[in-house]
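J.: Here are the chains, one letter per residue:
Protein chains: 4
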Amino acid sequence: MKQGVSEDVVLHLTEAIRSWGLTPHVSRGQERTVIGIIGDEDLVRGKPLEVFPGVESVMSVVKPYRMASLASKPERPPVEVPAPAGGPPIRFGGDKIVVIAGPCSVENREMLFSLAQRVKAAGGDILRAGAFKPRTSPYSFQGLGVKGLGYLAEVRRETGLPIITEVMDTRDVEMVAEVADIVQVGARNMQNFNLLKVIGRCGKPVLLKRGMSNTIEELLMSAEYVLNEGNDRVILCERGIRTFEKATRNTLDLSAVPVLKKETHLPVIVDPSHGTGYWDLVPPMARAAVAAGADGVLVEIHETPEEALSDGAQALLPDTFDALMRQLRKIAEAIGRRA
Amino acid sequence: MKQGVSEDVVLHLTEAIRSWGLTPHVSRGQERTVIGIIGDEDLVRGKPLEVFPGVESVMSVVKPYRMASLASKPERPPVEVPAPAGGPPIRFGGDKIVVIAGPCSVENREMLFSLAQRVKAAGGDILRAGAFKPRTSPYSFQGLGVKGLGYLAEVRRETGLPIITEVMDTRDVEMVAEVADIVQVGARNMQNFNLLKVIGRCGKPVLLKRGMSNTIEELLMSAEYVLNEGNDRVILCERGIRTFEKATRNTLDLSAVPVLKKETHLPVIVDPSHGTGYWDLVPPMARAAVAAGADGVLVEIHETPEEALSDGAQALLPDTFDALMRQLRKIAEAIGRRA
Amino acid sequence: MKQGVSEDVVLHLTEAIRSWGLTPHVSRGQERTVIGIIGDEDLVRGKPLEVFPGVESVMSVVKPYRMASLASKPERPPVEVPAPAGGPPIRFGGDKIVVIAGPCSVENREMLFSLAQRVKAAGGDILRAGAFKPRTSPYSFQGLGVKGLGYLAEVRRETGLPIITEVMDTRDVEMVAEVADIVQVGARNMQNFNLLKVIGRCGKPVLLKRGMSNTIEELLMSAEYVLNEGNDRVILCERGIRTFEKATRNTLDLSAVPVLKKETHLPVIVDPSHGTGYWDLVPPMARAAVAAGADGVLVEIHETPEEALSDGAQALLPDTFDALMRQLRKIAEAIGRRA
Amino acid sequence: MKQGVSEDVVLHLTEAIRSWGLTPHVSRGQERTVIGIIGDEDLVRGKPLEVFPGVESVMSVVKPYRMASLASKPERPPVEVPAPAGGPPIRFGGDKIVVIAGPCSVENREMLFSLAQRVKAAGGDILRAGAFKPRTSPYSFQGLGVKGLGYLAEVRRETGLPIITEVMDTRDVEMVAEVADIVQVGARNMQNFNLLKVIGRCGKPVLLKRGMSNTIEELLMSAEYVLNEGNDRVILCERGIRTFEKATRNTLDLSAVPVLKKETHLPVIVDPSHGTGYWDLVPPMARAAVAAGADGVLVEIHETPEEALSDGAQALLPDTFDALMRQLRKIAEAIGRRA
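Protein chains in written order, with the working numbering: chain A, 1 to 339; chain B, 1 to 339; chain C, 1 to 339; chain D, 1 to 339.
These are calculated hints, taken from the structure and not from any lab test. Source: prediction; values computed, not measured. Hints may be right or wrong, so weigh each one.
[To be verified] Interface residues of chain A toward chain D, partial, derived using beta-carbon atoms under 7 Å:
| id | residue |
| --- | --- |
| 1 | GLN3 |
| 2 | VAL9 |
| 3 | ALA71 |
| 4 | THR159 |
| 5 | GLU245 |
| 6 | LEU281 |
[Stated by the list, open to error] Label pairs and their computed distance ranges (CB to CB):
| id | chain 1 | residue 1 | chain 2 | residue 2 | range |
| --- | --- | --- | --- | --- | --- |
| 7 | B | ALA85 | C | LYS262 | 20 to 30 Å |
| 8 | A | GLU158 | B | GLU174 | 57 to 67 Å |
| 9 | A | GLN30 | D | GLU110 | 43 to 53 Å |
| 10 | A | PRO53 | C | PRO82 | 38 to 48 Å |
| 11 | A | ASN108 | D | LYS262 | 54 to 64 Å |
| 12 | A | LEU11 | B | LYS246 | 23 to 33 Å |
| 13 | D | PRO88 | A | PRO74 | 47 to 57 Å |
| 14 | A | SER6 | B | GLU307 | 46 to 56 Å |
| 15 | A | SER6 | C | GLY336 | 27 to 37 Å |
| 16 | A | GLN30 | B | GLU307 | 31 to 41 Å |
[Stated by the list, open to error] Okay, derived cross-link-like pairs now, SDA-like style, lysine to any residue, Cα gap no bigger than 25 Å in a straight line:
| id | chain 1 | residue 1 | chain 2 | residue 2 |
| --- | --- | --- | --- | --- |
| 17 | C | LYS96 | B | GLU333 |
| 18 | B | LYS262 | C | GLU306 |
| 19 | D | LYS2 | B | GLY293 |
| 20 | C | LYS63 | D | ILE35 |
| 21 | A | LYS330 | D | LYS2 |
| 22 | A | LYS246 | D | GLY336 |
| 23 | A | LYS63 | C | VAL9 |
| 24 | A | LYS63 | B | GLU333 |
| 25 | B | LYS73 | A | SER140 |
| 26 | B | LYS47 | A | VAL62 |
| 27 | B | LYS246 | A | SER19 |
Built from N, CA and C at the ideal position, the CB exists for glycine as well.
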């Protein structure tokens, strides 16, 4: 409460608190009076406490997420993705670092198949490629759409690699979930709550990317939307936040990895391609991600970045990806994991 | 190009530029070589110039937006919204400052009607209220949805006030556009490109709110998505950006108003309620917005903020709103406009 | 405290609190235990509460500033600056909006005198000009230094205009305070605590600019350093913060004006020249500053911006400054003040 | 230049460019005219090109730093710090990762000696501890000052460990440089240009910490200030930047490490203690720093963090530091270095 608040004003608030079925707990200090609220958090959520007379500020001591919290599953069960060709599933959050790689966009059938082979040969676990692309400009390449999905289904069948691809529209979720082994929510849609709800009912694991201006707490609240619909296979992804620094496309917030490990049981991976925007920064930051405790990395690759239809500047050549895989194995080993 | 770049490397790039149907223009300085690209910007857009050997950085001298640019309509035609009850339309970008007010959410029929009367009595131009609410938490009040839309249609009919309300899902655009005089794209959906495309074809004026981490250029690119679908009635709204400062909910970037006035013919309004998050900061920032040249303001009001289901802390009491209207009229007059 | 914290852990902390001469106040909720600390805030300041076992987070309910707080001087006494030529003092925080204008740097004797005449003729209150310049590059013009101070002393004598100029080094404070009517602490030195201490003992009013990455609370803490040395004539200045937006040099945080008015008795002015970085954005943002409740503005002017040795892009031509003065008078009047 | 710029306006600018002794280079595209400026960059620096009529924006193709640039010393010579007790020097930028550890502040003689022994026993290379402390609040512990320097001199003599300590005031540089093996410029003073100049002449290696709101380019410009005074032993330190994310004290920008490796020959270390603000985030981020290519890490340790006079929350216990040293050795090995 504000300094010098009167007895009446305190009474007005404590009565409101009681009227909501909660218990007020008044502490009077030398300079300030603090009113604690005890009871079911659902009853207090959204109450505009700040507008009550005499209130200076409102602080929450309870985390707003529950199903995403580490307390709800302290054993940290890995998120499993069945292998398309049978065999053991891919596990996010186990000993093994999961490596997801592929082009930014599905550009055509050939490039997708060729890159899929390279991912598989290098020991990558999952193929990524976008059929629907969120682009800042309406005049930029918008992705192949349904045709791209078709190529993804084919390459999945032929290579046995699980597929991860983005969905941007509630109307497309069903169609994408039929092809994808993991459905991706992109950074720009992290707070597209209708999309989160629909995806929460699609039956497939979800990769939820952190929005470029969203806090770690908001990321967990968006995960909570998916979990709340009954889908408990959510994988979180740090991909850089927007800051004043312009030397990189975004500022990759690697501290988010250990912070998330303290807060949630959900696995956490890192995307150093979008996180930095430049291919030559990707290997050091991928190594750093694994050293920081990430459960996987997601990197973009391309055979001819000079001809890429999107994000060529951040794509690794396949040979550079091969070298990175060898580095990641060493780093993983150094911290008692494997890649 | 990087320092000490060889002739071969320059040649490799200039040949690629020519192969795209463009003209390279090489300037050799004492320390650096600069290659200009001349020709149709559509041919160069999205080309990953950064990945060519020897390239140090890529700078664009052409703005990425066209239809939104001031150059495309230097006469700055106002955006007109027909009055539901007939009579002269509301004009955004004319002499008159447009005032939009109403509750954050439609909470029930009574409060909506009561507040609409207050908006009308105070001389407000448009009623705002959300039927679909984007909420950070899945456990918070999510809006009345279709029922809320129904109340909005009723209040529009009875008061003759035009209605502005948000749409969050491509599946809801048609339904919302039937009721709303202006369809709002919220900050979290500024880069929901599918939504922008659908709204661009809905036939109604659009209020496009700046995303909390989006640049002014990105705001104009999102406007371009709507314009590109044939809808030229786009109103831009500054509503605060996310920064390190926590004394306010967001940092209201009022400089965006004069910057946008230099860049675009589209009208610009300001939302000091979301921009600050506290009701007592709303009047000074609304006055400042008008003084800075905004074409309108959007403010949240509530008769009993202590009981508001969302954003009570930033809602003005109707009496405070009345007083604000009087202040805005004086400020508008001081700069040769009216409110 | 963390969820499920044991009795022992709570006891360990409450005993430590008592050992510091403070009183612990334990509230047990359904999910969480909260421990309040009651007593003299000086005893708890700096105690590393976060490292005690079981502590989840620490929240302060007492503001860290005292002498700067509004509670310490609720009557908001203006800060007075004596007029060099005698007569009534300049008052920051009274009815009148104080206008400070002048070139970024003292470039030579002639330009300083000529601009001072223009400031005076237009009705400006105080002349600003830098003798010592903080420049990002060691190769840029660093200011005329002592020679520049000499010119400032001369122009002060001849025009009777009070002078404000920046000091960057503890070794120069005495020298600068002999010439200046107001000593300026620049944004880059807002947390140069030794400088603040020395300036706090210099006997002259102080203009304290907000650092480009400092919170409003930190600005008040830096004011507290000056106040704590016995100098109670501190004027605060919002001059833009660093954000992701690059359309302006900084993001002018005008909301800081009403926020500061709630928190402190110290007067607040705004610098739209540094705040935006472009001369054509200065008039709208200066108007907005006054409309938001600022006690003054600080603007840069130059007769030939094309030849300015620093910050030419943000300098107003004297004629534009004249026009701005007329606009500010109207805005001031509209809110019941004068300029 | 702006669209539709006239021939006269272009001529006005090209003549000014020639009058400065530089060569204009005009490229006319379909929509825009671009004017390149060729010649000595010192002649163009600081010219207010933006204010010339018709200029839309100004882009620099030459980096503003020279002595700090990689081009100036492509062989990347390590920065050497002589060992106080004789023997081989400490080398920053060689194979070996340099580990700097110690308490935030010198609190008393005993704790300093005890922690120095722990640093030495664990294989740390350099002891850090602050005698002069920049504190946000004037009421917080401000450091032991000269007495603290005395303890540092003693512990250096007795243990043979090189000392790094911060200097905040130009008046103290000589005194600090007598004791310290490396003089530290703290984040808040990164753009205290007078301090940089004085330190550039002090004869000791310098640790330059990145300001919490400074870009990588500005960090290099501040290094340039020191180099320009003749001191070429500058070590850069990433210690976190200020962003909207509040889960950590700062956002550790690890990408700065590979970015700096592309731009400069100067060695780069990382401070995960200030970078995160919480002790349990320090080990993962220290590992990540080494994996990303940092030449060293700087970590804070304390034997009784619960009693620390400053920054206890981010201090490692000595045993945790021992364990971290073992982890860093493994990570260093995994990337072909040693720690």
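J.: Check whether the Cα positions of LYS246 of chain B and SER19 of chain A lie no farther apart than 25 Å.
T.: Answer violated: LYS246 of chain B to SER19 of chain A is near 31 Å, above 25 Å.
J.: So the hint says 23 to 33 Å: do the beta-carbon atoms of LEU11 of chain A and LYS246 of chain B match that?
T.: With a Cβ separation near 30 Å, LEU11 of chain A and LYS246 of chain B satisfy 23 to 33 Å, so the hint holds.
J.: Look at the Cβ atoms of GLU158 of chain A and GLU174 of chain B and judge whether their distance stays inside 57 to 67 Å.
T.: violated (40 Å)
J.: For LYS47 of chain B and VAL62 of chain A, compute the direct alpha-carbon distance and say whether it is at most 25 Å.
T.: violated (48 Å)
J.: Taking the beta carbons of SER6 of chain A and GLU307 of chain B, is their distance inside 46 to 56 Å?
T.: Violated - the Cβ-Cβ distance for SER6 of chain A and GLU307 of chain B, about 22 Å, lies outside 46 to 56 Å.
J.: Is it true that the C-beta distance of PRO53 of chain A to PRO82 of chain C lies inside 38 to 48 Å, as the hint says?
T.: Check passed, 42 Å falls within 38 to 48 Å.
J.: Given the hinted pair LYS63 of chain A and VAL9 of chain C, is their Cα-Cα distance within 25 Å?
T.: Cα-Cα ~21 Å, so holds.
J.: Under 7 Å, Cβ to Cβ, is where GLU245 of chain A needs to be relative to chain D, so tell me if that hint holds or is violated.
T.: holds (6 Å)
J.: Does the Cβ distance between ALA85 of chain B and LYS262 of chain C fall inside 20 to 30 Å?
T.: Cβ of ALA85 of chain B to Cβ of LYS262 of chain C: about 41 Å, so the range 20 to 30 Å is violated.
J.: Starting from the hint 31 to 41 Å, judge whether the C-beta atoms of GLN30 of chain A and GLU307 of chain B obey it.
T.: 33 Å Cβ-Cβ, so the 31 to 41 Å window holds.
J.: Let me know if the C-beta of GLN3 of chain A comes in closer than 7 Å to any C-beta of chain D, holds or violated.
T.: With a minimum Cβ separation of about 18 Å from chain D (threshold 7 Å), the hint on GLN3 of chain A is violated.
J.: Take a quick look at whether LYS330 of chain A and LYS2 of chain D sit within 25 Å of each other, Cα to Cα.
T.: With a Cα-Cα distance of about 53 Å, the restraint between LYS330 of chain A and LYS2 of chain D is violated, given a limit of 25 Å.
Violated hints, listed in ascending order, are 1, 2, 3, 4, 7, 8, 9, 11, 14, 20, 21, 22, 24, 26, 27; each of the other numbered hints is respected by the structure.
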